[in-house]
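Student: Make a model of the complete structure from these sequences and hints.
Under the numbering used here, the first residue of the sequence shown is numbered 3, with each subsequent residue one higher.
A few of these clues could be false.
Cross-link-like lysine-lysine pairs, in silico, DSS-like; alpha carbons within 25 Å at most [as the list claims (entries may be wrong)]:
| # | residue 1 | residue 2 |
| --- | --- | --- |
| 1 | Lys15 | Lys54 |
| 2 | Lys54 | Lys78 |
| 3 | Lys54 | Lys5 |
| 4 | Lys132 | Lys15 |
| 5 | Lys98 | Lys132 |
| 6 | Lys90 | Lys78 |
| 7 | Lys17 | Lys78 |
| 8 | Lys224 | Lys132 |
| 9 | Lys5 | Lys213 |
| 10 | Lys5 | Lys132 |
| 11 | Lys224 | Lys17 |
| 12 | Lys157 | Lys132 |
| 13 | Lys130 | Lys184 |
| 14 | Lys5 | Lys224 |
| 15 | Lys54 | Lys17 |
| 16 | Lys224 | Lys130 |
| 17 | Lys15 | Lys130 |
| 18 | Lys157 | Lys17 |
| 19 | Lys184 | Lys5 |
| 20 | Lys184 | Lys14 |
| 21 | Lys70 | Lys14 |
| 22 | Lys17 | Lys132 |
| 23 | Lys14 | Lys157 |
| 24 | Lys130 | Lys17 |
| 25 | Lys184 | Lys157 |
| 26 | Lys184 | Lys213 |
| 27 | Lys14 | Lys54 |
| 28 | Lys130 | Lys157 |
| 29 | Lys98 | Lys15 |
| 30 | Lys157 | Lys78 |
| 31 | Lys5 | Lys130 |
| 32 | Lys54 | Lys224 |
| 33 | Lys224 | Lys15 |
| 34 | Lys213 | Lys130 |
| 35 | Lys17 | Lys5 |
Pair by pair, the computed Cβ-Cβ distance ranges are [what the hints assert, rightly or not]:
| # | residue 1 | residue 2 | range |
| --- | --- | --- | --- |
| 36 | Asn128 | Glu85 | 16 to 24 Å |
| 37 | Ala244 | Lys17 | 34 to 42 Å |
| 38 | Asp177 | Lys70 | 16 to 24 Å |
What the hints contain is simulated information worked out from the structure, not anything from laboratory work. Glycine included, every Cβ here is placed at the ideal spot set by N, Cα and C.
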Amino acid sequence: MLKTFSITDIGKKRKLNQDYVYASEQQLGNLANVFIVADGMGGHNAGDYASKYTVETIVSEIAGSFEKDPVTILGKAIQTANEHIRQKSAEDAELKGMGTTVVAATLTGSYLQVANVGDSRLYVVNDKIKQITIDHSLVEEMIQMGGLDRASARKHPDRNIITRAIGACNTVDVDFFHVELKPEDIVLMCSDGLTNMLEDEEIRQILSGPKDIREKAEELVKAANNNGGSDNIAVILIEPFAEG
Numbered sequence: 003m004l005k006t007f008s009i010t011d012i013g014k015k016r017k018l019n020q021d022y023v024y025a026s027e028q029q030l031g032n033l034a035n036v037f038i039v040a041d042g043m044g045g046h047n048a049g050d051y052a053s054k055y056t057v058e059t060i061v062s063e064i065a066g067s068f069e070k071d072p073v074t075i076l077g078k079a080i081q082t083a084n085e086h087i088r089q090k091s092a093e094d095a096e097l098k099g100m101g102t103t104v105v106a107a108t109l110t111g112s113y114l115q116v117a118n119v120g121d122s123r124l125y126v127v128n129d130k131i132k133q134i135t136i137d138h139s140l141v142e143e144m145i146q147m148g149g150l151d152r153a154s155a156r157k158h159p160d161r162n163i164i165t166r167a168i169g170a171c172n173t174v175d176v177d178f179f180h181v182e183l184k185p186e187d188i189v190l191m192c193s194d195g196l197t198n199m200l201e202d203e204e205i206r207q208i209l210s211g212p213k214d215i216r217e218k219a220e221e222l223v224k225a226a227n228n229n230g231g232s233d234n235i236a237v238i239l240i241e242p243f244a245e246g
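Tutor: This is how it looks when you write it as structure tokens:
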């Protein structure tokens, strides 16, 4: 039985919540379910507009798609959202330069299809925690080249610089991941407002406890805020094979 819970929180330092989540356990178009996290960027209200408008566009495109393949459906929807954000940014001076990350997933049986742009993440958690997505960020590139370790990356002054975003270029390069899930797995989708505040192991410990899915999500947000809450926090938890 599929169980999910989603939550966003403004955090302790920001005046606006630029994170936006969408979670549907019900069929949308030809996808059995859809889960999306977006973390917007841009001055004034542009970041929260970018994340919300991007998610709404993706949802609308999925709902109207005649495609059957989840990767094709997600990919086309994200490309369309990118075009729309570019267009809005060009039309309205207050929205100029806005953008957003997006990580989207759909579950078919025990298989998870994931699409990612930016540094919002998807993890699979059981007795270990594994990051499935790869951040499109400056610090991740430095890690890959061997110039930075993961512990230092979390405190690096340039950790918020992302190398890919919805709205940044005329076309967007989307990464796709295909994951086979096991009965005890929990899927976590989140913005960097969570992962910059909590170590992976802290996240795993919270998710491995006996509490229900809602309490675990709320505990993640509380822990991130207790550690400083320097950014908005978005969390979607998915238990694909929860007991009734």
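Student: All the hints need checking, so say for each whether the structure fits it.
Tutor: We went through each hint and held it up to the structure:
{"no.": "1", "hint": "Lys15 / Lys54", "verdict": "holds (21 Å)"}
{"no.": "2", "hint": "Lys54 / Lys78", "verdict": "holds (18 Å)"}
{"no.": "3", "hint": "Lys54 / Lys5", "verdict": "holds (24 Å)"}
{"no.": "4", "hint": "Lys132 / Lys15", "verdict": "violated (29 Å)"}
{"no.": "5", "hint": "Lys98 / Lys132", "verdict": "violated (36 Å)"}
{"no.": "6", "hint": "Lys90 / Lys78", "verdict": "holds (18 Å)"}
{"no.": "7", "hint": "Lys17 / Lys78", "verdict": "violated (33 Å)"}
{"no.": "8", "hint": "Lys224 / Lys132", "verdict": "holds (22 Å)"}
{"no.": "9", "hint": "Lys5 / Lys213", "verdict": "holds (13 Å)"}
{"no.": "10", "hint": "Lys5 / Lys132", "verdict": "holds (20 Å)"}
{"no.": "11", "hint": "Lys224 / Lys17", "verdict": "holds (18 Å)"}
{"no.": "12", "hint": "Lys157 / Lys132", "verdict": "holds (20 Å)"}
{"no.": "13", "hint": "Lys130 / Lys184", "verdict": "holds (13 Å)"}
{"no.": "14", "hint": "Lys5 / Lys224", "verdict": "holds (21 Å)"}
{"no.": "15", "hint": "Lys54 / Lys17", "verdict": "holds (17 Å)"}
{"no.": "16", "hint": "Lys224 / Lys130", "verdict": "holds (22 Å)"}
{"no.": "17", "hint": "Lys15 / Lys130", "verdict": "violated (31 Å)"}
{"no.": "18", "hint": "Lys157 / Lys17", "verdict": "holds (22 Å)"}
{"no.": "19", "hint": "Lys184 / Lys5", "verdict": "holds (15 Å)"}
{"no.": "20", "hint": "Lys184 / Lys14", "verdict": "violated (36 Å)"}
{"no.": "21", "hint": "Lys70 / Lys14", "verdict": "violated (42 Å)"}
{"no.": "22", "hint": "Lys17 / Lys132", "verdict": "violated (32 Å)"}
{"no.": "23", "hint": "Lys14 / Lys157", "verdict": "holds (18 Å)"}
{"no.": "24", "hint": "Lys130 / Lys17", "verdict": "violated (35 Å)"}
{"no.": "25", "hint": "Lys184 / Lys157", "verdict": "violated (33 Å)"}
{"no.": "26", "hint": "Lys184 / Lys213", "verdict": "holds (20 Å)"}
{"no.": "27", "hint": "Lys14 / Lys54", "verdict": "holds (21 Å)"}
{"no.": "28", "hint": "Lys130 / Lys157", "verdict": "holds (23 Å)"}
{"no.": "29", "hint": "Lys98 / Lys15", "verdict": "holds (24 Å)"}
{"no.": "30", "hint": "Lys157 / Lys78", "verdict": "violated (35 Å)"}
{"no.": "31", "hint": "Lys5 / Lys130", "verdict": "holds (20 Å)"}
{"no.": "32", "hint": "Lys54 / Lys224", "verdict": "holds (23 Å)"}
{"no.": "33", "hint": "Lys224 / Lys15", "verdict": "holds (14 Å)"}
{"no.": "34", "hint": "Lys213 / Lys130", "verdict": "holds (18 Å)"}
{"no.": "35", "hint": "Lys17 / Lys5", "verdict": "violated (32 Å)"}
{"no.": "36", "hint": "Asn128 / Glu85: 16 to 24 Å", "verdict": "violated (38 Å)"}
{"no.": "37", "hint": "Ala244 / Lys17: 34 to 42 Å", "verdict": "holds (37 Å)"}
{"no.": "38", "hint": "Asp177 / Lys70: 16 to 24 Å", "verdict": "holds (21 Å)"}
Of the numbered hints listed earlier, those contradicted by the structure are 4, 5, 7, 17, 20, 21, 22, 24, 25, 30, 35 and 36.
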